[in-house]
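Peer 1: So the chains spell out like this:
Number of protein chains: 2
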Amino acid sequence: MGDELKLYTVRGSPFVCRVEIALKLKRINYQIIQEDLKNKSSDLLNFNPVHKQVPVLLHNGKSISESLVIVEYIDDVWNAFPILPHHPYQKSVARFWAKFIDSTCIPALFKVFGTNGAEQAIAEACEKLQILENELNVKGNKFFGGDNINFIDIAANVIAYWLGMLEEGTEIRFFTKEKFPKLHEWADNFVKVETVKEVLPPRIIPPKAQLLAVFKQRFGNS
Amino acid sequence: MGDELKLYTVRGSPFVCRVEIALKLKRINYQIIQEDLKNKSSDLLNFNPVHKQVPVLLHNGKSISESLVIVEYIDDVWNAFPILPHHPYQKSVARFWAKFIDSTCIPALFKVFGTNGAEQAIAEACEKLQILENELNVKGNKFFGGDNINFIDIAANVIAYWLGMLEEGTEIRFFTKEKFPKLHEWADNFVKVETVKEVLPPRIIPPKAQLLAVFKQRFGNS
Numbered sequence: 048m049g050d051e052l053k054l055y056t057v058r059g060s061p062f063v064c065r066v067e068i069a070l071k072l073k074r075i076n077y078q079i080i081q082e083d084l085k086n087k088s089s090d091l092l093n094f095n096p097v098h099k100q101v102p103v104l105l106h107n108g109k110s111i112s113e114s115l116v117i118v119e120y121i122d123d124v125w126n127a128f129p130i131l132p133h134h135p136y137q138k139s140v141a142r143f144w145a146k147f148i149d150s151t152c153i154p155a156l157f158k159v160f161g162t163n164g165a166e167q168a169i170a171e172a173c174e175k176l177q178i179l180e181n182e183l184n185v186k187g188n189k190f191f192g193g194d195n196i197n198f199i200d201i202a203a204n205v206i207a208y209w210l211g212m213l214e215e216g217t218e219i220r221f222f223t224k225e226k227f228p229k230l231h232e233w234a235d236n237f238v239k240v241e242t243v244k245e246v247l248p249p250r251i252i253p254p255k256a257q258l259l260a261v262f263k264q265r266f267g268n269s
Numbered sequence: 048m049g050d051e052l053k054l055y056t057v058r059g060s061p062f063v064c065r066v067e068i069a070l071k072l073k074r075i076n077y078q079i080i081q082e083d084l085k086n087k088s089s090d091l092l093n094f095n096p097v098h099k100q101v102p103v104l105l106h107n108g109k110s111i112s113e114s115l116v117i118v119e120y121i122d123d124v125w126n127a128f129p130i131l132p133h134h135p136y137q138k139s140v141a142r143f144w145a146k147f148i149d150s151t152c153i154p155a156l157f158k159v160f161g162t163n164g165a166e167q168a169i170a171e172a173c174e175k176l177q178i179l180e181n182e183l184n185v186k187g188n189k190f191f192g193g194d195n196i197n198f199i200d201i202a203a204n205v206i207a208y209w210l211g212m213l214e215e216g217t218e219i220r221f222f223t224k225e226k227f228p229k230l231h232e233w234a235d236n237f238v239k240v241e242t243v244k245e246v247l248p249p250r251i252i253p254p255k256a257q258l259l260a261v262f263k264q265r266f267g268n269s
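Protein sequences appear in the order of chains A and B.
According to our numbering, numbering within the first sequence proceeds without interruption in unit steps and concludes at 269.
According to our numbering, numbering within the second sequence proceeds without interruption in unit steps and concludes at 269.
Keep in mind that the hints were calculated from the coordinates and are not lab data.
The structure displayed is predicted, hence computed values, not measured ones.
Certain hints may be false.
What the hints assert, rightly or not - Once the Cα atoms are required to be at most 27 Å apart in a straight line, the calculated DSS-like pairs of lysine-lysine come out as: (1) B/Lys109 - A/Lys175; (2) B/Lys186 - A/Lys99; (3) A/Lys87 - B/Lys186; (4) B/Lys175 - A/Lys263; (5) B/Lys99 - A/Lys175; (6) A/Lys175 - B/Lys263; (7) B/Lys99 - A/Lys186; (8) B/Lys175 - A/Lys87; (9) B/Lys175 - B/Lys255; (10) A/Lys239 - A/Lys186; (11) B/Lys109 - A/Lys186.
Claimed, not checked - Short, incomplete list of chain B residues facing chain A, as computed with Cβ under 10 Å: (12) Arg74; (13) Ile75; (14) Leu115; (15) Asp123; (16) His134; (17) Lys138; (18) Phe190.
Cβ coordinates follow ideal geometry from the N, Cα and C atoms, glycine included.
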């Protein structure tokens, strides 16, 4: 197709992985540019001057930022293997849940680690996870998207893979199989999807103090 | 067309107004259902069980929540008078800025009032507004969308109309014409758009103490 695709990334980011899952689902080739967040490249600062963060997708010289915006862009450009449903109503449902996960659920989860497991933060995070648990229960599907993963599952990858690592690293546990059986079943299915497996980074648990410090700085007051 | 459209609203909400602007731009008839947020109807709780908030659009019995998700839905269903650009790249740009306004800029603005004008909060809000000021400056257009309003302008309606009222009510002023000339010019143009004029509520300034209390409760710790 003559498309030139570069993805600015860091290793181990769930937000970068969202974009990589989308690209791999579409079977699109892309070049990875590794960024060092302590010494960001002038390209990254130039292509995403607002947030100065990865992921940034460069498609034929044009830059797109924000992981879910990039995933929608990929789905708009390449129609095969759709990520969002075609029907406007189903599409709006997918966008609603992706936004809930991104703007409500993930900040609540990260706040747990930012507050070193404050009781109130854990209660709020569990409340958000329960909403997703109920949604899976009501729909009765293997994935949020149905029989196959879609936009919602991709948005929720943090819960499927990273949350367990964060719990192990910080020794703060609240996302238990007993409390959230459907979400755990979904997570098991999600990480077994071939495309997802290709993308997920190795399971590496940073030291507790380092994890807590990072989350405290970014989510301690959120 | 046989479409039945009900919009669950409260008076004076910028988030409801986003949806109303979209509906009026498309020249779609709809029925307004006024909600009392202190005594929410069972319909509202049923149609938006996750957030229990307005706006909710009910289209032929199917409910859609989250103002920007609703606006995209309206644009997906009714093609005339497009709100998002057609081209995927331009569309991603519109989504990027709408998300910036919604998730980054508006919380920063509301935090100013939630903290009763804390210096740090004002500095952060001005930093976000400056990013939008620069964007208008670089593009040199009348609106974020170009010659006509689009998704970004609709997302930013809080800045165009409500921010001034909040400043007047709280006596906390930071969005000045001197600092943000382009944004003020844009705001003046935005509120003059016929469709926008039809939708904007009367200029009513609640008492200072009431405003500060509401924002403190919701954004004091955000």
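Peer 1: Give a verdict on every hint.
Peer 2: Okay, the hints, checked on the actual structure:
{"no.": "1", "hint": "B/Lys109 - A/Lys175", "verdict": "holds (23 Å)"}
{"no.": "2", "hint": "B/Lys186 - A/Lys99", "verdict": "holds (20 Å)"}
{"no.": "3", "hint": "A/Lys87 - B/Lys186", "verdict": "holds (26 Å)"}
{"no.": "4", "hint": "B/Lys175 - A/Lys263", "verdict": "holds (23 Å)"}
{"no.": "5", "hint": "B/Lys99 - A/Lys175", "verdict": "holds (14 Å)"}
{"no.": "6", "hint": "A/Lys175 - B/Lys263", "verdict": "holds (23 Å)"}
{"no.": "7", "hint": "B/Lys99 - A/Lys186", "verdict": "holds (20 Å)"}
{"no.": "8", "hint": "B/Lys175 - A/Lys87", "verdict": "holds (21 Å)"}
{"no.": "9", "hint": "B/Lys175 - B/Lys255", "verdict": "holds (24 Å)"}
{"no.": "10", "hint": "A/Lys239 - A/Lys186", "verdict": "holds (20 Å)"}
{"no.": "11", "hint": "B/Lys109 - A/Lys186", "verdict": "holds (16 Å)"}
{"no.": "12", "hint": "Arg74", "verdict": "violated (18 Å)"}
{"no.": "13", "hint": "Ile75", "verdict": "violated (14 Å)"}
{"no.": "14", "hint": "Leu115", "verdict": "holds (8 Å)"}
{"no.": "15", "hint": "Asp123", "verdict": "holds (4 Å)"}
{"no.": "16", "hint": "His134", "verdict": "holds (9 Å)"}
{"no.": "17", "hint": "Lys138", "verdict": "holds (6 Å)"}
{"no.": "18", "hint": "Phe190", "verdict": "violated (19 Å)"}
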